[in-house]
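Enquirer: Single-letter residue listing:
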Amino acid sequence: METIFSKTYKYLKNILVYKPPHTPTPFVLDDKSDKTKAKSSMRLENGLVGQAEELQILLRQAKQLKEVLEMAAKNLKAGQFTHLTQMKTVVKKLAAIKSERSPVRLAYDAVSQPDDRQVSAVLAENRALLEKLYKLPHNKDIIIRNLILPFAPPIKAILVFLDGMVDSKTLNLAVLQPLMYFSPDHVRDGGTIGSLTAQIIEECLPANQINKAVDYQSVQHGINSGDSALFIEGVPEAILINTRGMVQRGVNKPTTEQTVRGSQASFSEGLRINTALIRGTLKSSELVTEILSIGKKTNTSCAIMYLESVANPMLVAELKRRIEGISTDYMGDIGSLQQFIEDHPGNLFPQALSTERPDRVCVHLAEGRVAFILDGVPLAHIVPVSFFTFFHSAEDFSFKAIASTGLRILRLAAAFITLLLPSLYLAINYFHQEALPTEIALAIAGAREKVPFPALIEIVLMEFSFELIREGGLRIPGVLGATIGIVGALILGQAAVTANIVSPIVVIIIALAGLASFAIPDFQMAMAFRIIRFPMLMLAATLGLVGVASGFLLLVLLLCSMKSFGMPYMLPIAPRVEGNLDVVVRGPVFHQEQRPDGLNTKDTIKQPALSREWLKEKPLGGQDKP
Amino acid sequence: MSYQPGRMGIAEGMALVFIILLPRIFLTTPANDAATVATASWWMIIVSGLLTILTIIAWVYILQQTPGDLFSISEKLLGRIGAWLVTITCIVFFFLNAALLLRQFAENTLLTALPQMEFSFIIGWYAFVVALGALLGLEALARGTYLLLPISVFSILIVLLLLAPNYDTYNLAPWQGYGLLPSLKHGIQNAGTNFGALILVIVAPAMQNVRTFKWASILGIMGCVFLKALSIMVFTMVFGIVVASEKTLPFFEMARLVYLSRYLQRIEALFIILWVIVGLLGIAISLYMGAYLITRLLKLPALQPIIPLSAYIIAQLAMIPPDIATVIRIDGFVIANFFTTSLFILTPLLLVASMMKTIKKGGQSCSSD
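The listed protein sequences derive, respectively, from chains F and Y. Under numbering that gives the first Met the number 0, the residue at position 339 of the first sequence is numbered 338, and the numbers go up by one with no gaps. Under numbering that gives the first Met the number 0, the residue at position 100 of the second sequence is numbered 99, and the numbers go up by one with no gaps.
Just so you know, these hints were derived from the structure itself, not from any lab. Using N, Cα and C, we set each Cβ at its ideal position, and we do this for glycine too. Some hints here could point you the wrong way.
[Stated by the list, open to error] Example chain Y residues on the side facing chain F (calculated, C-beta under 10 Å, incomplete): (1) T108; (2) G143; (3) L147; (4) R265; (5) A268.
Next comes chain Y alone, as it looks inside the complex (with noise of 0.2 Å):
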């Protein structure tokens, strides 16, 4: 069985990028992100997208001078040791993540949906159905994703129009939340909120061209970003900064504040369906490309025996932190330090080295593009 990922084209590429980015926006981060910058919480994640375009567009120059994937352009332009690190540090985000995602997707099932069940089952239920969809290929996680994204970005509009009632326009002022300068460098800091972006330069040869990687990630990006954003600023017209500062789980209360007539109320159930299969797809892609860069990395044959174990270690990960509290520190820590940092140190490392590279070679490109 072959780890080859699949053949993939734009509409495919931006969906996973898309929902790799999405599933905070279910989370209690835009809480965070309000108690932090306060009202400025919606441009701040605009600046945060426009960093990753930017580090999106370095990344096309990349793979111009040098074709591959991840790891083969990592050992091209880094040597072997630098392309281990470069993995090892990709690996890390991405089991990091969908650790930090299933046990908070499992708290909140827990929160919202089954207070009931326990706790462990979740995790164990989250982590059977993520590694069976894993197991089906990253080109169906990927084709899935495209077809459930149209619906899935329409019932966010949906609650989002819903709420207009109770939009309060005066919320949103003022836009400087506790000022221009703290908000920007919140925003420069929260960029590693899209590391997962990098999605598609891992599996950069399934694209069909630099141009197709291009455009899916920006376009991934851009409109992640743009329903992030707006999701932000309905959320703080609708609560006020005091109010959305205290919530744990911002869309599931915007959910619960829907009421337009008896009989169109209280929908936040019907939500779940929603949040569920959005925070599946992306511990699922998270899971895969986690295991992917481990079959390159150590040049194994087949990918998918190493998935049920990953997804068992995920899990065990995910039942490490005493409590919610705690895991919601750690993604904030995470994101801000490690995930950031990466993001911002990988990508100028491996421009200036294919830079230096390109020069060295006379300013001659190997892509076709």
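Looking at chain F on its own, in the form it has when it is part of the complex (with noise of 0.2 Å):
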């Protein structure tokens, strides 16, 4: 019994001493004995595995034969005899099933791994199998619905499809209505299994697009990529019907390929989306369209798109020998897939044309190149290219030739004061004070008096602090990234001058020197010319102009040695060859009569030496008079 004094004891001793919280114990993921134990298990399993599954196949067999005869004894107890030879089909389908029973798939599929198997005729059979393949009951994905096609007698079968990745109305409407409302007249041939499968496709579906499968590979590729999967009972096949339609960002404005003129269409997620974008533009019956599969676990489809009468066939065929070379298990970038095909990947510079625009995409295919796209990237990477085509934008085929010519050259400019202005600043201020006049000289010397620090921590300094901002602005969300990025480097740069840690000339060389590298289009080009200049600012403070000239030499003789898929890197200038009036120099549109030589087309010649023909004709309404 609890009196005042053991209550008041209880109170004060909950008060004063000490519990341990009630926490849960920690989670620690101890790799080594969940690898023994799954070893172990493993071990175990696969002695018995193989025995359980025969067992397991029979059992099914054996009932669906019990469920056959205790049909038959129901109706000759009835005397429905006439039912009787409805079960003539039941029965031929048990012979079918029987044959499927040879000692020898019987012992091949105990033993293989669901995704070697076959289709089986039992349905029981397949539905085990796409449980334990889509690991049901734990995947809420799959759904597998079971139907009663009503034929004479009815014929039970299943449709299996991931939620999410089909169309329910395509589903509803154009599968599961035409299939449970077909009149079991129209059965032709009596149902036998061979023209059961036919008449479903041809009468009954009419979805656009329906392929038969046969194993468990392409019935997964199917539902993977959101077609609906019938199995039949007593057919040893499924039926992969077209019901796709995930849910896909549609067809918008390019983000980092804006132009002022041309398209502002840009790639989405959807392979489809994107191979319909670039046959909408480029519409040709000679445009190809091949589908490759790659990666071992997710089956990622890769489209190659070229024009077959110009595209040369060696470059088509080794594009597809590296894709289909590639042993992974998942490609789930267009990138890793460009790393994993071209001729140097350790080398920075980049070996294929990367662009979210179709337009861009068919100037090229037009030129003779080849396409490749990955399904949910919204790129599409064109092979082979040359250093200069790294300079090209999407507007250049809109301006004038002398526009687009200016243009380019100051790109290249711009590549050249990237890699090259602060590697100058730092030589000529080392070593090589006496190649700049005496004022700027002096100029200089007065704005450093005050720096405490050598220019070369201070150019390190500046160039780690705007890689910072840039990398900073990429990541912080929306327009935000954008403002905070101009603030940050506006603000940083003014203390930093206040403060005496840096001069104001190296704030200027490095705001030009970044300012100038976002100016080379492509971005994995601007990449590597940001990287390569730390080892050329590198060799500058150690040995001034000798070490930037050895730099930009051996750098020069890199790329000369790259090839882009067989094409020399430098194409057209060294190996000189010639040129389609559009490298650098871009000529008037009416003058690039040729593909480039170096893509070694199939049809070499674009466009007839007078392409304007209409120059050859008298004006409609009459000459000018003077």
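Starting from two chains that each stand alone, build the complex the way the hints lay out.
Expert: Structure representation (structure tokens):
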């Protein structure tokens, strides 16, 4: 019995005595113990799994046999002999299933992985395999819908699809409804196995794309891509019905390749949307789209597009050979794919042109290049390309030749400024002050007087800050990123100068070099130049202009040794081949008669020498009179 | 990894010949020539060039009769021992050329750009860069040279043009120098400077055909000889023979003399980039050719592994002479004696052997040029 004293004692005890908090036992991911456990269980399972599976298959067949026998007994007891005639087809199916159960096939099915199995004629077996493959009942994405097809006698079937990947409307109206309302009177050839699937495909399903699959790899690929798989009792194949309806981003404006003139469409995540965008721009029956599959686990689709009458067949074959030769589990990004297939994956310089614009892809396809697109990535890559291609922008094709040429020269100059300006400043500042006119030398010396660091530290500090602002600006969401970037740069630069940490000239040089790097149209190329300028800085700080010259020479030699899918990287200058008035200097569009020589295209002529045939004719309204 | 040099056209071939002959324009050679033949030095260069072109024409005949590269041609015409002797001569030439250029450019660097730098560090750095360049292959070297050549030639011409206010044409008189015959004799002796023009013979199979070889070699020699002659002519006009003979680095001194306004003066530092690039390319090509010939001679399966070793040997070789004066003396001696003698013995020897073989065969040509 509790007294006032015991209550007081408990109360005081609760207040004064320390009690450890009731926290849950922390989780530790102990991989070692798990691995051993997994290994031992796997060993145990492997010994029995084959036999168990074999027994399961036989059990399912026995159950099916039992059902048929029960149905026959029921009909006989009730004296419904007419129903027995309907059972002919059921017996035929059973005979087909029995023939499938040869000892060799049974043993193979029992030990092989679900991926390697063939579609079974037994519906229950297919269901069991699908449950195993898609980890049911844990996996909630996969839906297995039971159906009864209204044939005589009715046939069991299942429809399998991934929720979210299919269009429900299509599925209900174009698959389920026709299947469930099919009239048994129209069954042809007595509903034999061969004619059943053919009839369903030809007469029942109004879907635009239907394929048959006999193995589970194809079935999985179809289901994972958004198809619905129809399995029918007694039929050893699945019907894959196109019901794809995954929600995808529409065609938006380009974000990194914006232009004032020209098309305003950009690629999306859907592979078929992207191929359609290209086909919509390049309306030619010679445009070929080949689809390959990459990734053992993901089976990501990759489209290769080229103009059959123009592209070099060796180039197409080589690209396909490289893509088909990739052995990896997962391929989620086109950048990774590029690294898998390019000639120099260790080199910073890009060897494929990455673009988000369908119009740009079409220009290159028309020249004889090949494009590849990966499912789920809003970019296309074009090969082969030369160094100078990365200094072209989509707008160049819209502008007049002189304007385009001027812009390209400006971009090349920007690349040189990005690469060399900080290094040249450092080299001259450290070793060759005599190269500067006296006034400038004095101005620089005056500005640097209060700075407590050597010029190298100054430059590295500013370069680091600039890269930090750039990277930070990218990660900050929305429009805030750009604003914070500008404000950050202004404040940091101003504060650094006021605090005498860096001199104003260094701020100018780094700002110029940074700005110039953004003038390079291709992000990968700009990145390469930005990274290489750091070793150039080190060379300049160590060996002055000698170091800069050595670094520059090595860079040029490296570029000259590179190839993009067999085509020299510095084409058409080194090696010297015929240009097509579209390298750095861009000629008038009506004078660009030939395709790039280095591509060795099937058809080298793009247009006749006199492409403006109207010049040969008399003007419609008569000639101007003086 | 193959030792095959790749495929080259007229442009790449011309660039290779041009760049292997050009580096001495930045060294003391023009001042030495001015000291030896005085005002005749500019046309003496042309005489040497013409003789080299004659040699190339002889090689065109040899290649038409006996297709192949230097080693295989020598093997067919002179036998195995003859081929070994010819190839070893060329290996010695290229390695010696590389070592002499390496030392002189390193000394130039110390004199003009980095006076406080450790000498062996500069030699080591240059050897490292040329080894990397050679590792990238002859195709890359040729293409890189072709890419940089217009910039280099344009820069040299700009310096020569900016010196226009200092031209004194009287300094070119008398045009015979110290006499016509001594000048001609020196021109012939000096032809060894152009021994490197035989580079395309060594990699002849990489050229598309004999015509490509002929025009690439001739255009390369003509272009380089013209530039060298023009440079020495301007050098003589600007400084006069007496002063010119005393200059250690003629091109550097010329660039230093440029003064057009207070904003365009003392541009010599900027031209360091130019001569470093030209010098390194010349050394890298010499190194590559030496290593290539070793590979051919010993029938090695790959070229790349011996390049770092060759670069190390060349760097060590370059550091042997005690001072720059000795190096310049050795350079002059080697050119006048070893290079010129080799050029004028090897080519006629192989030409005669080829002619004899053709006569024996009944004048049948082997080439499909």
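Enquirer: For each hint, tell me whether it holds in the structure or not.
Expert: Status of each hint after checking the structure:
Satisfaction of the interface hint for T108(Y) is found here, the shortest Cβ-Cβ separation to chain F being roughly 6 Å, below the 10 Å cut-off. The criterion of a C-beta within 10 Å of any C-beta in chain F is met by G143(Y), whose closest approach is roughly 4 Å, and the hint holds. Interface hint at L147(Y): satisfied, since its Cβ lies 6 Å from the closest Cβ of chain F, which is below the 10 Å cut-off. With a least beta-carbon distance of about 5 Å to chain F, the hint placing R265(Y) at the interface is held under the 10 Å criterion.
The closest approach between the C-beta of A268(Y) and any C-beta of chain F is roughly 4 Å, which is under the 10 Å cut-off, so the hint is satisfied.
Every hint, counting from the list given before, is met by this structure.
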